[in-house]
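Asks: Sequence:
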Amino acid sequence: MTDKKPDLIATVDPTAEYEKPFWQVKRLDEMSQAEWESLCDGCARCCLNKLEDWDTGEIIWTNVACSLLDSDSCRCKDYHNRLATIPDCVPLDAEKVSSISWLPPTCAYRLLDEGYDLYWWHPLVSGDPDTIHQAGISVRGRVVSEEGMEVEDYEDHLASWPGEDPDDEPVLLNRDHK
0 MTDKKPDLIA TVDPTAEYEK PFWQVKRLDE MSQAEWESLC DGCARCCLNK
50 LEDWDTGEII WTNVACSLLD SDSCRCKDYH NRLATIPDCV PLDAEKVSSI
100 SWLPPTCAYR LLDEGYDLYW WHPLVSGDPD TIHQAGISVR GRVVSEEGME
150 VEDYEDHLAS WPGEDPDDEP VLLNRDHK
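If you read the sequence shown in numbering that gives the first Met the number 0, its first letter stands for residue 0, the second for the next number, and so on.
Because the hints were derived from the structure by calculation, they are not lab data. In this text, a Cβ means the ideal position worked out from N, Cα and C, and glycines have one as well. Treat each hint with caution, since some may be false.
[Unchecked claim] Taking lysine to aspartate or glutamate pairs in the EDC-like style, the calculated list, with each CA pair at most 16 Å apart, reads:
hint	residue 1	residue 2
1	49	154
2	49	28
3	95	36
4	49	113
5	19	116
6	49	152
7	95	29
8	76	146
9	25	87
10	25	94
11	49	151
12	95	28
13	49	92
14	25	113
15	95	113
[What the hints assert, rightly or not] Label pairs and their calculated CB-CB ranges:
hint	residue 1	residue 2	range
16	157	133	18 to 28 Å
17	147	18	45 to 55 Å
18	88	164	42 to 52 Å
19	84	149	18 to 28 Å
20	54	18	48 to 58 Å
21	33	154	11 to 21 Å
22	171	84	30 to 40 Å
23	19	157	34 to 44 Å
24	146	114	31 to 41 Å
25	84	173	38 to 48 Å
26	57	166	21 to 31 Å
27	83	173	34 to 44 Å
28	157	23	29 to 39 Å
29	55	173	21 to 31 Å
Given these sequences and hints, build the entire structure.
Replies: Quick look at the structure:
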């Protein structure tokens with residue numbers, strides 16, 4: 000049995016207590032755990048292995064996914080135990096978001112930290128967890144597992160799409176976001 004991440008979209012009312020959705024009025028460090036977890040859109044781009052150019056520091060994306068990623072659902076197969084299983088897994092928190100340069104440009108945590116609103120395809124906006132896949136933002140159908148692969152072979156799986164901006168421009172929020 001897999002230990003899946005809970006479906007928080009159904010448990011968080013984005014308009015509770017506010018005229019605007021919580022992500023438009025709260026800073027990341029003000030959110031409840033349920034609100035924080037619901038920000039993950041399920042794109043799974045952060046679950047891709049990345050290479051770093053030692054000379055330039057540039058992050059180079061691959062289409063090689065973590066061995067715990069279920070590439071169909073784009074969710075972790077063992078979310079609650081991932082940190083013990085995968086030593087390189089980086090847990091996000093409000094303090095770390097601004098210092099992690101490899102977060103994808105579509106990442107809700109990154110967008111909100113930089114003062115932008117969520118995109119239309121984010122499940123909290125659309126109300127549908129499949130819009131992330133329908134919009135072509137998720138890794139579904141575009142990745143291979145790292146299982147059994149040597150790190151040296153990652154260079155055969157370079158991909159630019161995980162680090163690219165979507166066609167839509169993000170919308171600035173009208174609030175103090177930091």
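Asks: Enumerate the violated hints, using their earlier numbering and listing them in ascending order.
Replies: 2, 4, 9, 13, 18, 21, 29
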